[in-house]
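Those protein sequences? They're chains A and B, same order as listed.
At position 133 of the first sequence the residue is numbered 133 (the numbering used here), and the sequence of numbers has no breaks.
At position 141 of the second sequence the residue is numbered 141 (the numbering used here), and the sequence of numbers has no breaks.
I should point out that these hints are in silico values taken from the structure, not numbers from a laboratory.
It cannot be assumed that every hint is accurate.
Same chains, same names: a pair is fine if it fits in one copy or spans any two.
[Claimed, not checked] Computed list of lysine-lysine pairs in DSS-like fashion (alpha-carbon distance at most 25 Å, straight line):
(1) Lys-223 - Lys-145
(2) Lys-301 - Lys-223
(3) Lys-124 - Lys-298
(4) Lys-145 - Lys-227
(5) Lys-223 - Lys-294
(6) Lys-307 - Lys-201
(7) Lys-145 - Lys-124
(8) Lys-116 - Lys-307
(9) Lys-145 - Lys-302
(10) Lys-307 - Lys-223
(11) Lys-302 - Lys-223
Protein chains: 2
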Amino acid sequence: MSALFRKVSQVAVIGTATSIGWLLGYNRSHEKGGANFPAIETVSAASYQGSIVNTQVPDVVPVPSPNAPRIAQIMRFGFPSLSNVRSLNDYVLSYDTRNRIPYWVCEHLTAENVAKNPNVDRAKCDFHEDTSVHQYFRSENRDYKGSGFDRGHLAAAGNHRRSQEDCHETFLLSNMSPQVGRGFNRDKWNDVEQYCRQLTKSYANVYVCTGPLFLPRREEDGKLYVKYQVIGQNHVSVPTHFYKVVVCESSTGELDLESFLLPNVEIDDSVPIASFHVPLETIERASGLLIFDKLSQKKFKKINGQKVGWF
Amino acid sequence: MSALFRKVSQVAVIGTATSIGWLLGYNRSHEKGGANFPAIETVSAASYQGSIVNTQVPDVVPVPSPNAPRIAQIMRFGFPSLSNVRSLNDYVLSYDTRNRIPYWVCEHLTAENVAKNPNVDRAKCDFHEDTSVHQYFRSENRDYKGSGFDRGHLAAAGNHRRSQEDCHETFLLSNMSPQVGRGFNRDKWNDVEQYCRQLTKSYANVYVCTGPLFLPRREEDGKLYVKYQVIGQNHVSVPTHFYKVVVCESSTGELDLESFLLPNVEIDDSVPIASFHVPLETIERASGLLIFDKLSQKKFKKINGQKVGWF
Numbered sequence: 001m002s003a004l005f006r007k008v009s010q011v012a013v014i015g016t017a018t019s020i021g022w023l024l025g026y027n028r029s030h031e032k033g034g035a036n037f038p039a040i041e042t043v044s045a046a047s048y049q050g051s052i053v054n055t056q057v058p059d060v061v062p063v064p065s066p067n068a069p070r071i072a073q074i075m076r077f078g079f080p081s082l083s084n085v086r087s088l089n090d091y092v093l094s095y096d097t098r099n100r101i102p103y104w105v106c107e108h109l110t111a112e113n114v115a116k117n118p119n120v121d122r123a124k125c126d127f128h129e130d131t132s133v134h135q136y137f138r139s140e141n142r143d144y145k146g147s148g149f150d151r152g153h154l155a156a157a158g159n160h161r162r163s164q165e166d167c168h169e170t171f172l173l174s175n176m177s178p179q180v181g182r183g184f185n186r187d188k189w190n191d192v193e194q195y196c197r198q199l200t201k202s203y204a205n206v207y208v209c210t211g212p213l214f215l216p217r218r219e220e221d222g223k224l225y226v227k228y229q230v231i232g233q234n235h236v237s238v239p240t241h242f243y244k245v246v247v248c249e250s251s252t253g254e255l256d257l258e259s260f261l262l263p264n265v266e267i268d269d270s271v272p273i274a275s276f277h278v279p280l281e282t283i284e285r286a287s288g289l290l291i292f293d294k295l296s297q298k299k300f301k302k303i304n305g306q307k308v309g310w311f
Numbered sequence: 001m002s003a004l005f006r007k008v009s010q011v012a013v014i015g016t017a018t019s020i021g022w023l024l025g026y027n028r029s030h031e032k033g034g035a036n037f038p039a040i041e042t043v044s045a046a047s048y049q050g051s052i053v054n055t056q057v058p059d060v061v062p063v064p065s066p067n068a069p070r071i072a073q074i075m076r077f078g079f080p081s082l083s084n085v086r087s088l089n090d091y092v093l094s095y096d097t098r099n100r101i102p103y104w105v106c107e108h109l110t111a112e113n114v115a116k117n118p119n120v121d122r123a124k125c126d127f128h129e130d131t132s133v134h135q136y137f138r139s140e141n142r143d144y145k146g147s148g149f150d151r152g153h154l155a156a157a158g159n160h161r162r163s164q165e166d167c168h169e170t171f172l173l174s175n176m177s178p179q180v181g182r183g184f185n186r187d188k189w190n191d192v193e194q195y196c197r198q199l200t201k202s203y204a205n206v207y208v209c210t211g212p213l214f215l216p217r218r219e220e221d222g223k224l225y226v227k228y229q230v231i232g233q234n235h236v237s238v239p240t241h242f243y244k245v246v247v248c249e250s251s252t253g254e255l256d257l258e259s260f261l262l263p264n265v266e267i268d269d270s271v272p273i274a275s276f277h278v279p280l281e282t283i284e285r286a287s288g289l290l291i292f293d294k295l296s297q298k299k300f301k302k303i304n305g306q307k308v309g310w311f
C-alpha cells in the first residue's frame with residue numbers, strides 16, 4: 001500500500017477519534033444539568049438508552065444533508081470495500097494495486113451534474129498518472145501505448161460536467177482499465193454509460209458502481225480457467241468483463257435496481273443492453289464485493305426492468 | 001465486504017478513538033498542575049510541542065512491550081494492506097474475497113512458539129470454514145474435494161504450537177490456498193517452512209509474510225497472459241506462485257532479509273531453496289503490497305544470504 005493511501009486511512013481514523021473526543025467533552029459539560037444527556041458514566045455504545053435512542057431502522061437510507069461532503073452523497077448506500085479508497089471531487093474509487101486498475105468506482109448522477117456545460121471541454125482533458133499511487137503499482141500512459149486497448153474510463157467523463165476540473169479528474173489513470181476500443185469502449189459500453197445519464201431524466205438520484213471482473217471459462221479439459229492479458233511494463237491487467245450496478249431513486253423515494261455485466265470484447269451494435277442484465281448476486285460473487293449493501297433488495301420496486309413481487 | 005469484516009474495522013476505529021479519548025482525559029486532569037503536560041487547548045496532532053516530542057526516527061522499529069497484544073508483535077514492521085484483516089491468536093491474515101484465499105498472512109516465530117509441544121496434536125485439527133467471511137466469498141472443504149489440489153496452509157500449522165487452539169486456528173479455510181500436493185505443499189514448500197522454523201535457532205525473532213501470486217507468462221503470440229484454474233462451486237483461485245518474505249532479528253537487534261518466490265508446481269527434491277531467492281521488490285510489484293515497509297532496506301545486514309554493502 002502506498003504511503004499516501006496509508007495517510008488517508010490515518011486521517012480517517014483521526015477524524016473519527018476527534019469527533020468522539022468532542023462528543024465525550026460535550027456530554028461531560030452536561031454531566032449534571034442537562035435533562036436530555038445521561039451522565040457520562042452511564043454512556044457507552046453498548047448500554048441501552050431507552051427512549052433517547054431511536055431504535056427504528058429507517059425504511060430508506062436517508063438523503064445526506066446538502067452540507068454533507070460529496071463523498072457522503074456518492075457513498076450513501078455503502079462502500080463495496082475499503083481497499084485504497086480515493087475520494088475525488090465528484091467520484092470515489094478503490095484501487096487494485098495488484099492489477100493496476102480500479103476495484104470499483106462509485107458515482108452519483110443527477111440531471112444537473114450530467115447536463116452539457118459549455119464551460120467544460122473534454123478535449124482539453126489529458127490522461128494523467130495518479131501520483132498518489134506508489135510507483136510500483138501505478139499505471140502509466142506508456143503501458144497502454146501500442147497495446148491495442150483503449151484507456152477506458154470507469155467513472156465516465158460525461159458524468160462529471162459541473163467543472164473542467166471534475167471532468168479532468170476522470171482522466172486519472174487510476175480510473176482506467178484496458179478496454180477493447182471498437183465495439184466496446186466506444187460503442188456498447190458507451191451505450192450503457194449514456195443510458196445511465198438518461199436515467200437522470202426520470203429519477204432524482206442515480207447511483208452507479210462500476211468495476212472490472214476476471215471470469216473463468218471452461219476449457220477442453222473440463223476445468224475452469226481465468227485467463228487475461230497484462231499490458232505494458234507495469235503489467236496492467238485486461239479484465240475479461242465489466243459490471244455496472246445502478247440504483248435509481250425517484251423524487252418520491254422509490255428505488256429501482258439495474259445490474260449489467262458485459263464481456264470486454266467487440267459487441268455487435270444490434271445487441272440490446274438489456275440483454276446484459278444479470279442478478280446483482282452474480283456480480284457480487286464474482287467481484288468479491290457487496291454492492292450498495294446498506295440497501296435491502298426488498299426495497300426495490302423494479303429489478304432489471306421487472307416489477308418485483310415479494311411474498 | 002462481509003458484515004463481520006466491517007465490524008472488525010469499526011472495532012479498530014473505536015479502539016483508537018477510545019485511547020485518544022483517554023489521553024485527552026488524562027491530559028485534562030493535568031491541565032493546570034503538571035509541568036510535563038501542556039494545557040489541553042494547546043495540544044493537537046499538528047501543533048509543535050518543542051522538546052517534549054521526540055522527533056528522532058529510531059534506527060530500528062522498537063520491540064512492542066511484552067504486554068502489547070499479540071498482533072502488535074506480529075505486525076511490528078507494518079501491515080502489507082488493510083483489506084479484510086483478521087487477527088487470530090497467533091497469526092494475522094488479510095482475505096481476498098475475489099479469489100477466496102488470503103492476500104497475505106503474517107507470523108512471528110520464536111524458538112519458544114515453534115518448539116514441539118506434547119500437548120498439541122496436529123492430527124486432531126480439522127479444516128474448517130471461516131464463518132466470519134460472507135457466504136458469497138467463503139471457501140468450503142467441498143471446493144477442494146476431488147480438485148487434485150491440497151488445502152495448503154499459508155500460516156503453517158507447525159509454526160503455532162503454543163496450544164491446541166493456536167494450531168487449530170491455522171486450519172481455517174481462509175488460511176488455505178490450493179497447492180500442488182506432491183513436490184510442492186508436502187515437499188519443497190514444506191522445506192521452506194521448516195527452514196523458517198530453523199531460523200529461530202539463530203535469531204531471537206523471525207517475522208514471516210506469506211501469500212499467493214498470479215504471474216503472467218509470455219505465450220506464442222508474444223503477449224503476456226495470466227492464467228490460473230479456479231476450483232469448486234465457489235471458484236477458489238489456484239495461484240501460479242507463492243511468496244514468503246522473512247525478516248530475522250538477532251538478539252543484538254541486527255536484521256537480515258530473505259524473500260522466496262516458488263512456482264505452484266511439482267519441484268524436484270534436488271533443487272535448493274536458495275535458488276528461489278528473489279529481490280523483495282519483485283514480490284512487492286507482483287503482489288501489489290509493500291511488505292515490512294516500516295523497515296528501510298538499508299537496515300539489513302544480509303539480504304538473501306549476501307552481505308550488504310551500502311555506499
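Outcome of the hint check:
no.: 1; hint: Lys-223 - Lys-145; verdict: between (34 Å within a copy, 14 Å between copies)
no.: 2; hint: Lys-301 - Lys-223; verdict: neither (39 Å within a copy, 47 Å between copies)
no.: 3; hint: Lys-124 - Lys-298; verdict: neither (44 Å within a copy, 44 Å between copies)
no.: 4; hint: Lys-145 - Lys-227; verdict: both (22 Å within a copy, 23 Å between copies)
no.: 5; hint: Lys-223 - Lys-294; verdict: neither (36 Å within a copy, 42 Å between copies)
no.: 6; hint: Lys-307 - Lys-201; verdict: within (20 Å within a copy, 67 Å between copies)
no.: 7; hint: Lys-145 - Lys-124; verdict: within (20 Å within a copy, 56 Å between copies)
no.: 8; hint: Lys-116 - Lys-307; verdict: neither (32 Å within a copy, 63 Å between copies)
no.: 9; hint: Lys-145 - Lys-302; verdict: neither (42 Å within a copy, 40 Å between copies)
no.: 10; hint: Lys-307 - Lys-223; verdict: neither (37 Å within a copy, 46 Å between copies)
no.: 11; hint: Lys-302 - Lys-223; verdict: neither (36 Å within a copy, 44 Å between copies)
Hint compliance for this structure: hints 2, 3, 5, 8, 9, 10, 11 are not met, and every other hint is.
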